[in-house]
Amino acid sequence: MGERATSHAVTVEVNGEKVSRIVAARQLLVHFLRDTLGLTGTHIGCDTGNCGACSVIVNGKLVKSCMILAAQTDGATIETVEGLAQDGTLSPLQESFHEHHALQCGYCTPGMLMSATYLLRHNPEPTDEEIRRGIRGNICRCTGYVNIVKAIRAVSRRQATGGHAVTAAAGEEV
Amino acid sequence: MLLEQVEYVRPQSLDEALEILANDDGAAPLAGGQSLTNVLKNRVASVDVLVDISALGDLAGITRTADGGLSIGACVTYDELDRSAEVRQSHWMLGEVAAHIEDQQIRNKGTIGGNCCLSDPTNNLPPILVALDAVMELRSRSGRRSVEAADFFKGYFATALEPGELLVSITVPQMPERSGAGYASLAVGADAKAMVRAAARVTLDRDHATIVDSRVVLARVAHVPTRDAEAEARLNGADATDDAVRAACAGVADGMQPITDVHGSSEYRRQMAKVMARRAVDQAIAAARGGRNGSSAGGN
Amino acid sequence: MTITSAPVTGEATKTWSGRSMPRKEDGRLVQGQGAFVDDGGMHGQGYAWFVRSPYAHARIVSIDCGPALAMEGVYAVLTGEEAKAMCEAPFFAIAPPPGSLMQEWPLAVGKVRYQGDAVAVVLADTRETARDAAERVVVDYEPLPAVTDGVAAAEPTTPLLYDEAGTNVAWHGVYDYGDVDWALENADHVVKLDRLHFHRFTSSPLECNGAVVNFNRGTGVVDVLSNYQMPMFAAMVVGPTIGVPMNKFNFVTKDIGGAFGIKIGFYPQIAALALLSKKAGRPAKWTEFRTEHMLSAGHGNERTFLDIEVPVMSDGTILGLKARAFDDAGAYLHYEPLGAVIWSQVVPGCYKLKHVRVDYTEVVTNKCPVVPNRGYSRMQHLWLVERIVDVVAHELGLDAVEVRKRNYVQPEDYPYETPNGCIYDSGDLPRSLDLALELAHVDEWRARQRELGTGSGRRIGIGIGSTLDSGTNNFGQSRIINPELPFSGNGEAAFAKLDLFGEINVNLGTTPQGQGHETTAAQVAADILGVTPEDVTVSTGFNQANNSYVGFSGTYASQFAVSGLGAVMGAAQKLRHQIVKLAAFALQAEEEEIELEGGTARVRGDEERAIPFIGLANMVYTNNAGLPASLLSECDLNARYVYVPPFEVPDTVAKTGNLTLTYASQVHVCVIEVDEETGEVKVLEYAAVDDCGKRINPLVVEGQVHGATGLGIAASLYESLDYDESGQLQEPSFYEYHVGTAMDIPDVACGDIESPSPFTPNGAKGMGEGGGAPLHAVCAALQDALGGGGAVVSESHNHWARVYELVHREPGAPRGVEVITRSGGLANDAASL
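Protein chains in written order, with the working numbering: chain A, 36 to 209; chain B, 6 to 305; chain C, 280 to 1112.
Next comes chain A alone, as it looks inside the complex (with noise of 0.2 Å):
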């Protein structure tokens, strides 16, 4: 990686599973993802790091795959929304999103899911003005965002009580 040059070879973990390719330096995580390993769960919504369609936790740090570079992400862990189902069952925020109408044409879901998973992962317990914080890098133009405040709170109540986990993906401890 020393080597300046206009490809890389990049291994990273995505979704716990590791894989490696030669990338073009030009090419963005959000490419990486959707065309070179056909990941499309990750979606782009705009091209100036707005909408956050893109969201993906790399290293445990929720970004914008498209104000990345894939080379960047050398050697990292990367989750993306494909990995938040364990062995077919939804996690809690995507059962909620389901239970609660948080999304209509989904399209901005996946990023708002990873968004919301970052959030509980670090804040439990958000207050609504918190859980709109949390997602204020993430549009969605169906919902006013009305269903989606009350999917993640009830996550995060159900796990005030002890309920459930707050996600299933690989990474940190809650």
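Certain hints may be false.
Looking from chain C toward chain B, a few residues come up when the C-beta cut is under 8 Å (computed) [what the hints assert, rightly or not]:
{"id": "1", "residue": "S299"}
{"id": "2", "residue": "M1022"}
{"id": "3", "residue": "W1079"}
Here are the simulated BS3-like pairs of lysine-lysine, each with C-alpha atoms no more than 25 Å apart in a straight line [unchecked claim]:
{"id": "4", "chain 1": "A", "residue 1": "K185", "chain 2": "C", "residue 2": "K961"}
{"id": "5", "chain 1": "C", "residue 1": "K860", "chain 2": "C", "residue 2": "K776"}
{"id": "6", "chain 1": "C", "residue 1": "K633", "chain 2": "C", "residue 2": "K558"}
{"id": "7", "chain 1": "B", "residue 1": "K198", "chain 2": "C", "residue 2": "K961"}
{"id": "8", "chain 1": "B", "residue 1": "K198", "chain 2": "A", "residue 2": "K96"}
{"id": "9", "chain 1": "C", "residue 1": "K363", "chain 2": "C", "residue 2": "K633"}
For the record, the hints were derived by calculation from the structure and aren't laboratory data.
Even for Gly, the Cβ is constructed at its ideal location relative to N, Cα and C.
Following the hints, put chains B and C in place on chain A, whose structure we already have.
Structure of chains B and C alone, referenced to chain A:
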């Protein structure tokens, strides 16, 4: 979304990075990338090689300086600033400004160095750094130098950085006793890009009744964060009261020519500069009295 | 007969319609397994990139594709002139002359007419190469003066976009109902407003447009995999232009990441991609990017109302209105001038206005073409009506609630015929308003408002937005624009099928973008077929090969609950009839004795005599020897049904007729706080009461209300598309166009009233567009905050600087309103009018 062909390199040391930057005019340092990536997507700047400095240890971390100030690595992220106990203890408002930059994703990647080096007049951190008398520590292959924040920002996307030079850290001196900082923005949406910003720092006398020193910094009013020396002069020695502050800030931005755009006219922005300055100063006074800033627990 | 158990699960027959149930679609969408357009592709595809004009108005002097073609990996470049040469005709024009002379081709020919106009398109082996190559297409432009003002555009001295048309006016017409001159002469008061302006914005679906198009040279079939929301409209427009008959198109949609009407606008791109594919001999995949979307995908209609006059009686009865309207269609007439008649679905708004004259002018300007945008064309007019009602109340010192209640169409008035012959089907507006006021805690806010008084630097404002969501268009209204058009009525098609192993499948011609059609269609079919919604598979999206479409198929204009579900009901009932007939034969019973429950047909009262659906399917598909031919010919277990709403052709001279089948109503109440020092507005509380008749899935309905509310609030305070004098868009990406975030848009308290429609098969009304109610409510709240004697809120978009100006209006400066009070006018007995 699709970038031009470009090279990428991740140097293993600061010296290696400086070497590459010195040898290639087309080299651009890549830190958090939260602005540069957009520039590359838009293809508005031509870059030969992206020099990834984000993992260099020399640019990381927040440390307490011997004199009680902060030394902040250029690649410290907004989120790290927000969550840093050190920052919150001595320069609470700096953490608070960082906490309100756009969104969590950007805060997780965007760096204090990047926020300054882009010198985008809408950026959040430059005015507060100027108000806090921060000093930018620059390195190049041939040496190092320090530039006061007030002199660092030169214009739209222009800074005091010479070719081959890199911002490596920012030193924020300890705030004098009985001091506080304030910050006010007028933005299109919550935590969004601002039309006008103002940052302030005041130091009060022992009785908390009179302002003995002040900084009033306006942003997005001129091309660079600008200290309003006249307002500061009016504040220094004035009573720390609403009326006195209001009077002192009434002339803020007079004679300046902020831009007119779809969000408002130059005149509107001038008016708003007065309001934001006053609010920032009011906050700063409250903070100085509350001891929540800089002046440590003994500030009261 | 040996019968194995059918793969039908679930509970016994229940009423699924009317229940809130989470959606069937969600499972794949929450796992990132949706099938959005960029997720798919075709074998051997290239990637397309459009070369777009940086100028708003310019002559194309030359295009040099050489440098692009010389690049490795570039398959083809298609220019406007080349594309035109491959076409048989320009796109079909809705307008008569002069609008029909404003021709549009797949790519710009001779001239560019807005910033973002496509002059060429490149096809290459990768996305990156396509963009790299597009930058090397060298276009020489000769700039021309830009026309950016929708009113000035109509002046004879203004430069022309289309020399051949001789005017920038695409269509002009006068809508004149009742006798507004008489009303103005005889009313107690005439309220005059100089100018009201409804701004340009876009609901900007989060997924941009996209298509993969293959022109198969061997078969002549054009496959279009896209997220287009009205596929047969695209086929009807594109087909004659590129010389492809309907039976050679294969339009397919899958999951669509929001559309809001905007995705009706990209048929020129589909045409260009088809030609590019034809030229290159391989499929062309195009994924629009956001800046491209903002510049060229289509914006909502901008409309300016001038010289507004409103006759009012002293008791607050509003007799009507008179106005001139200038609608700015942008550079090409993509769907316009249909908007020039569509507004007239709601001529009097929610009120009993009797005398209305609107002089309507549709103009072209050097801006992005407009396309339908949630609330299309009606919300602009409804906003006008709401502003009028609100201003009347303020100017005459009347209570804004009482003026509305006095003028509302009353519950006992339904079915109510409007001055232009539209029939409002049902509703209860006064009760809706009361409920909304209660949900928004208006009494408490009024008290707080008084408490706050003046001098605090903060003001509270309370506003009402009453509006209509007219649904299920009568396309005959297009003839009011152009009597030659061969359109009227409407319809939707559906198929219900019992498949080989007893599975139930439904497909239909709609293109859902989040409205949950897979769920609601399954609810409706399940009730009819005696199964659960889980047992009903509803195909995702539109597929021309399914043959379940009519000319108007798609998802737009608030109609699914009526036309879509009407078609599903009809198809399911036909299928049920066949199932019953087959079961009666198999079980040797009378048809009347057969009941369907849990995926089994049984004889009522005799548990022994039953046959599961798989058994019936087996009889028809794979085990039919010896069955009576008459039975097999009647029962093929494939039931197609087309729902056609009851419409007549409108009177094109009088401009009257029933233009839409249903009228859902929305009453919103908004409480805001204004910071006097800055003009910042914060929404403190928001309530929405929706009445869309019988709700099939209340959870989904409420979601639509939330969404329409969020978009409207964002449009009223944050989102605006502005051009400078040279025609440069000032908000060409999400960086500049501040889309409302979770921190900007408040929670919404929802209330509901169900006034079933007497005109629909299920009592439901189309809904979802929401009539722009938040724009009305926010403006009214702002007006309230300004208080008596304040300036008129004359813009639909009120950013902080504008609010600041309103708050700090110079004393004596024009307020934009005048009230003329006549002594000795008619007696205040409004009822006699």
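Hint-by-hint comparison with the structure:
1. Against a cut-off of 8 Å between C-beta atoms, the interface hint on C/S299 is violated, since the closest Cβ of chain B lies about 31 Å away.
2. Because the smallest distance between the Cβ of C/M1022 and any Cβ of chain B comes to about 4 Å, under 8 Å, the interface hint for this residue holds.
3. About 7 Å separates the beta-carbon of C/W1079 from the nearest beta-carbon of chain B, less than 8 Å, and the hint is met.
4. With a CA separation close to 21 Å, the supplied pair A/K185 and C/K961 stays within the 25 Å bound.
5. For a cut-off of 25 Å, the pair hint linking C/K860 to C/K776 stands: about 15 Å separates their Cα positions.
6. At most 25 Å may separate the alpha-carbon atoms for a hinted pair to count; C/K633 and C/K558 exceed this at roughly 57 Å.
7. At most 25 Å may separate the alpha-carbon atoms for a hinted pair to count; B/K198 and C/K961 meet this at roughly 17 Å.
8. About 23 Å separates the Cα atoms of B/K198 and A/K96, which keeps this hinted pair within 25 Å; it holds.
9. Pair hint C/K363 plus C/K633 does not hold up; C-alpha atoms about 49 Å apart against a cutoff of 25 Å.
Checked against the numbered hints given earlier, this structure breaks hints 1, 6 and 9; the rest are met.
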